[in-house]
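Listed below are the residues making up each chain.
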Amino acid sequence: MAFATIGTRGIQAQSVDLTSKVTGTLPVPNGGLGVASGTTGQFLKFTGTETLASSAVSAGKVLQVQHTKDTGYHAVNSVSFVTVLEVTITPSSSSNSILLIGSPHIGKNTNNTTVIERCFRVVGGSDVATQVISDISAKDGGTGQNMIGGSSFQWYDSPSTTSAITYQYRIASYSDNDVVFFNLYNAGGAFSSQITAMEISA
Amino acid sequence: MTHADLTNKFHTAVKNIKADAKYVVSTKTPETEEEYSSNVKWIIGATENNTAILSDTNPHSELTWTKVKEEMDKL
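Chains as they are written, first to last, in the working numbering: chain A, 1 to 202; chain B, 1001 to 1075.
Be a bit skeptical, because a hint or two may be false.
Unchecked claim - Heads up, incomplete: computed chain B residues facing chain A, CB under 7 Å, no partners named:
1. H1003
2. K1009
3. T1027
4. T1032
5. A1046
The set of hints was computed from the structure by calculation and includes no laboratory data.
Treat the numbers as computed from the prediction; the structure is a model and nothing was measured.
Each residue gets a CB set at the ideal place from its N, CA and C atoms; glycine is no exception.
Same shape as in the complex, but just chain A (with noise of 0.2 Å):
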């Protein structure tokens, strides 16, 4: 084991100059490794398994928003899929996640149906991933027009990829007997849904 060599006067009254008057490495001390510089923010971390370096963090960071804002009125009344909402997005990384975040204003007509909602990950105009969100939004068991608002949904997303993404948030009508709504309104302007996707640094 290689020792640290105090020079002459490295020692005084209760302290080491540790700073000009030491050479060499030194060993991990009983008690382990407790000191380094760094600048303010900045944070220990190990670069080895006895060593210490100041490093910012990067993991877990959000590194590029985009956004959809979306005043479209849409009425769908089939059990199939119609997208109503979207947002692209690139990542920087493969290894990186998208935290997509929406807002969409749905609801049904007047008889007995409810509103499915699915998110897709769309890549190169295919669908490559599905997430479900709810099949029975909107339902009252009745023939009210009924509106439930602001839905809300969350996707934390590992799309291992760099290339370009859109993420499709896409509605149907659960029994085809009548319409569900996408930003269903009374007056002109009252009315918006959003979706929002951000890239996290793994």
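Mind docking chain B on chain A? Use the hints.
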């Protein structure tokens, strides 16, 4: 009449004429023939993952704007 009420009237009228017609109405519920042509897309099938295939062409000869409007006025 609010747009929500108009919407209910439109869909009820279409359903009364042809119950199995599938479609998507966008922007606003039609009140004119021009809006009926531009705002309604017709569902003519679905992909293998059950996403609707839309068409600008109305495949239902029964569902002319004249007939739909006539039915709406009865409601």
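Evaluated hints:
The beta carbon of H1003/B comes within 6 Å of a beta carbon in chain A, closer than 7 Å, and the hint placing it at the interface holds. For the restraint placing K1009/B at the interface with chain A, the shortest Cβ-Cβ distance is roughly 10 Å, beyond the 7 Å limit, so the hint is violated. Hint on T1027/B holds. Least Cβ distance to chain A is approximately 6 Å, under the 7 Å limit. This hint is violated: T1032/B has a C-beta 16 Å from the nearest C-beta of chain A, more than the 7 Å allowed.
Interface hint at A1046/B: satisfied, since its Cβ lies 4 Å from the closest Cβ of chain A, which is below the 7 Å cut-off.
The structure fails hints 2 and 4 (numbered hints given earlier, in ascending order).
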